[in-house]
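Kindly produce the complete structure, drawing on both the sequences and the hints.
One-letter residues, chain by chain:
2 protein chains.
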Amino acid sequence: MGAGSTKYGKLKESVVELAVNAARDAIKSAKLEPKDVQYGFISNVFGIADNQVHLAPVIMSNLGIPHVPGLTIESACGSGSIAFREAYANVAAGFYDAVLAVGVEKVTHTGTGRSTTLFSYCSDFLYEGGSGASFPGLFASIARAYLTRYKATEEDLAMVAVKNHEHGILNPKAHVQKRITVDDVIKSPVVASPLKFLDCCPFSDGASAVILCSEEFAKKRAADYIEVIGSGRGASPAAVQGREDPTTIPSTRAAAQQAYKQANLTPKDIDFAEVHDCFTIAEMIDMEDLGFFEKGMAAMAVREGLTRLNQGEVTINPSGGLKSKGHPIGATGIGQVVETYEQLLGRAGQRQVKDAEIGMTHNFGATGASCAVHIFRRV
Amino acid sequence: MGAGSTKYGKLKESVVELAVNAARDAIKSAKLEPKDVQYGFISNVFGIADNQVHLAPVIMSNLGIPHVPGLTIESACGSGSIAFREAYANVAAGFYDAVLAVGVEKVTHTGTGRSTTLFSYCSDFLYEGGSGASFPGLFASIARAYLTRYKATEEDLAMVAVKNHEHGILNPKAHVQKRITVDDVIKSPVVASPLKFLDCCPFSDGASAVILCSEEFAKKRAADYIEVIGSGRGASPAAVQGREDPTTIPSTRAAAQQAYKQANLTPKDIDFAEVHDCFTIAEMIDMEDLGFFEKGMAAMAVREGLTRLNQGEVTINPSGGLKSKGHPIGATGIGQVVETYEQLLGRAGQRQVKDAEIGMTHNFGATGASCAVHIFRRV
Numbered sequence: 001m002g003a004g005s006t007k008y009g010k011l012k013e014s015v016v017e018l019a020v021n022a023a024r025d026a027i028k029s030a031k032l033e034p035k036d037v038q039y040g041f042i043s044n045v046f047g048i049a050d051n052q053v054h055l056a057p058v059i060m061s062n063l064g065i066p067h068v069p070g071l072t073i074e075s076a077c078g079s080g081s082i083a084f085r086e087a088y089a090n091v092a093a094g095f096y097d098a099v100l101a102v103g104v105e106k107v108t109h110t111g112t113g114r115s116t117t118l119f120s121y122c123s124d125f126l127y128e129g130g131s132g133a134s135f136p137g138l139f140a141s142i143a144r145a146y147l148t149r150y151k152a153t154e155e156d157l158a159m160v161a162v163k164n165h166e167h168g169i170l171n172p173k174a175h176v177q178k179r180i181t182v183d184d185v186i187k188s189p190v191v192a193s194p195l196k197f198l199d200c201c202p203f204s205d206g207a208s209a210v211i212l213c214s215e216e217f218a219k220k221r222a223a224d225y226i227e228v229i230g231s232g233r234g235a236s237p238a239a240v241q242g243r244e245d246p247t248t249i250p251s252t253r254a255a256a257q258q259a260y261k262q263a264n265l266t267p268k269d270i271d272f273a274e275v276h277d278c279f280t281i282a283e284m285i286d287m288e289d290l291g292f293f294e295k296g297m298a299a300m301a302v303r304e305g306l307t308r309l310n311q312g313e314v315t316i317n318p319s320g321g322l323k324s325k326g327h328p329i330g331a332t333g334i335g336q337v338v339e340t341y342e343q344l345l346g347r348a349g350q351r352q353v354k355d356a357e358i359g360m361t362h363n364f365g366a367t368g369a370s371c372a373v374h375i376f377r378r379v
Numbered sequence: 001m002g003a004g005s006t007k008y009g010k011l012k013e014s015v016v017e018l019a020v021n022a023a024r025d026a027i028k029s030a031k032l033e034p035k036d037v038q039y040g041f042i043s044n045v046f047g048i049a050d051n052q053v054h055l056a057p058v059i060m061s062n063l064g065i066p067h068v069p070g071l072t073i074e075s076a077c078g079s080g081s082i083a084f085r086e087a088y089a090n091v092a093a094g095f096y097d098a099v100l101a102v103g104v105e106k107v108t109h110t111g112t113g114r115s116t117t118l119f120s121y122c123s124d125f126l127y128e129g130g131s132g133a134s135f136p137g138l139f140a141s142i143a144r145a146y147l148t149r150y151k152a153t154e155e156d157l158a159m160v161a162v163k164n165h166e167h168g169i170l171n172p173k174a175h176v177q178k179r180i181t182v183d184d185v186i187k188s189p190v191v192a193s194p195l196k197f198l199d200c201c202p203f204s205d206g207a208s209a210v211i212l213c214s215e216e217f218a219k220k221r222a223a224d225y226i227e228v229i230g231s232g233r234g235a236s237p238a239a240v241q242g243r244e245d246p247t248t249i250p251s252t253r254a255a256a257q258q259a260y261k262q263a264n265l266t267p268k269d270i271d272f273a274e275v276h277d278c279f280t281i282a283e284m285i286d287m288e289d290l291g292f293f294e295k296g297m298a299a300m301a302v303r304e305g306l307t308r309l310n311q312g313e314v315t316i317n318p319s320g321g322l323k324s325k326g327h328p329i330g331a332t333g334i335g336q337v338v339e340t341y342e343q344l345l346g347r348a349g350q351r352q353v354k355d356a357e358i359g360m361t362h363n364f365g366a367t368g369a370s371c372a373v374h375i376f377r378r379v
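Same order as they appear, the protein sequences are chains A and B. For the first sequence, position 206 (counting from the first letter as 1) is numbered 206 according to the numbering used here, and the numbering increases by one without interruption. For the second sequence, position 83 (counting from the first letter as 1) is numbered 83 according to the numbering used here, and the numbering increases by one without interruption.
Hints may contain errors.
Footprint (simulated), chain B over chain A, 3 or more residues, beta carbon under 8 Å [what the hints assert, rightly or not]:
{"no.": "1", "stretch": "48-56"}
{"no.": "2", "stretch": "68-77"}
{"no.": "3", "stretch": "88-99"}
{"no.": "4", "stretch": "122-129"}
{"no.": "5", "stretch": "231-241"}
Pairs of lysine-lysine, BS3-like flavour, derived with a Cα cap of 30 Å [what the hints assert, rightly or not]:
{"no.": "6", "chain 1": "B", "residue 1": "31", "chain 2": "B", "residue 2": "219"}
{"no.": "7", "chain 1": "B", "residue 1": "7", "chain 2": "B", "residue 2": "31"}
{"no.": "8", "chain 1": "A", "residue 1": "261", "chain 2": "B", "residue 2": "35"}
{"no.": "9", "chain 1": "A", "residue 1": "220", "chain 2": "B", "residue 2": "261"}
{"no.": "10", "chain 1": "A", "residue 1": "261", "chain 2": "B", "residue 2": "220"}
{"no.": "11", "chain 1": "B", "residue 1": "261", "chain 2": "A", "residue 2": "35"}
{"no.": "12", "chain 1": "A", "residue 1": "220", "chain 2": "A", "residue 2": "31"}
{"no.": "13", "chain 1": "A", "residue 1": "151", "chain 2": "A", "residue 2": "178"}
These are computed hints drawn from the structure, not numbers from a lab. Positions of the beta carbon are idealized from the N, C-alpha and C atoms, including for glycine.
Next up, the structure:
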């Protein structure tokens, strides 16, 4: 197994170049050659924004392996983890020994307005995006419900952003490398009340890639690797209005339950988790849905710094998360696996989670309509 | 196993409505309820043209099963067969007992110009679409090479269209139900010489869906079913200019070889094949790459009517093919499976292939950069 990533941010390269660069890094880190790759799982949502869909053959041709088949998997902002799961399933089933999973997105050149519109096509557009409810608005309604129901404040939400920026400063590939305070968040412009500008992750370009191998192949080729020990998928009603309780995401709960069951672990066993924090409120809800804290207790945990790097039982988003590391939507889920790979191999530098043995990735699409959770172990 | 399809054509329904209608038909024909579906493989390319990507949760929510996960698979015009293969792989590996594979496309409302531009993003855009080489132009260059190298004429190409329209007239769900003559094709406006308007398949809207089950599940639930006995994937250099010989498609050859090998069959065993005839020249090349005729002999076969319904060893495109049945690109590959299901169960009415026991589907993306081939058997 290997992993590679471009920097996340506002980048000049094309969607194809980004994907190829990340794929080359991953192949190199796995100590393989492109010719060792047997199949390609591409995760991407808006290739069309850079005039290129049907990415697999173009990426493979640029890697010099045009005869290697692939496909694109899309499930909004959760595409990466869902593509990773398909790759994992194909290897686990014995169809392939070594596959490439690469996630990529390139949207910043379209501008914030166009990007917001594009992203809104990921909502249930008939009821949400088409009525003007783009994602900041949808997550704002979720946040309002959460703050109303539980003992949580806008300052608690801000603490999530402060923590993830603290972590992101330690990540050379992070999009937003800037220390911020609770006051900065509270005073930043309101995007959709109660969410302010600094409660929101940025629009990012970038690509991340991993090589998945069968255990036999990994052992034979003697490269460093980590092990996938749990994989789960979940789904929620597409529109938030279709859910019984907006302060919990059913797809996260279902996916986590499956992954814990397969790994035969509980939330207490997880040393760190890369979770989907597209908005600060999302991370609060994730913390509860993944079982790290009781319902309604995430705000307390954040307030007390329990999820900061090496400060509590579980470090959340050591990479900086979507909030600071960035959110190139097709790449995000694969990027979480790249971070997990580096953490479990002890290569995360200043943001290293001490004695990390078990890591989790959690990535969802839209407001959590689709979700995948994976658990990894140091070998 | 079950199968359902909307009519193909210029349709009023939304991309979601089309997919849901086809899915409902497939579930009903399998004598199942939506709640029996465990996962959804959605095949779609340009949901964005109807303002909706992230289709799986929206489709599942509309089917009344919002907790059932899914994903979208895209590989240009080959998306359907590649999504079908992923669905097949997941069931074959024992991950699920019953899954839904639904392909859908809705583009005609954008007009011919916009549709042509959208489709060109499926080519290697840097070298092809971006330089003005849209698909009619690319297939015209392939056709010119073929006509120059082999004993084939524009009239032979026209014969492919005439045959597929003959078949399509017998298919109530076909987009273009009109008898045409060789003369009609030759005299139709030149799109990209040597291809005329009637050498090209139409832009279509539509959706097709199938239910894939494990053998055990199918037997237990006692619905009619057919068996997948071979599945293959192939890839070619993304741009035509990167290929050694433009008159053959490497991805078809690779995919067919794998499928034949798995099924332990040869081309002589195939009773009918649904092949990818986006342009008449494509069907000629498919006939050779799939092994039905020697290289350069397809024109002779067409001229002598050997691939017409029940006239030779193998009936090609009994449904009417992309040319007459239509080409809603995300749906096409799944639609081929729907036709195969109906043929092998003896339910194809006037276009029934006599004593059909073995059927093949062949579907590719772009100019054949990606391809999947499947072989099915009557149980």
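Checked hints:
1. 48-56: It holds, with 6 qualifying residues against the three required.
2. 68-77: n = 9 at 8 Å, threshold three: holds.
3. 88-99: As far as the stretch 88-99 of chain A goes, the hint holds, because 6 residues have Cβ atoms under 8 Å from chain B.
4. 122-129: holds (count 6)
5. 231-241: This one holds; 7 residues, not fewer than the three required, reach chain B with a Cβ under 8 Å.
6. 31/B x 219/B: The given pair, whose Cα atoms are some 12 Å apart, holds under the 30 Å limit.
7. 7/B x 31/B: At roughly 21 Å apart (the allowed maximum being 30 Å), residue 31/B and residue 7/B satisfy the hint.
8. 261/A x 35/B: 23 Å, holds
9. 220/A x 261/B: Distance ~28 Å between residue 220/A and residue 261/B Cα, so the pair holds.
10. 261/A x 220/B: Since the Cα atoms of residue 261/A and residue 220/B sit roughly 28 Å apart, the hinted pair holds (cutoff 30 Å).
11. 261/B x 35/A: 23 Å, holds
12. 220/A x 31/A: 12 Å, holds
13. 151/A x 178/A: 29 Å, holds
Consistency note: the structure conflicts with none of the earlier hints.
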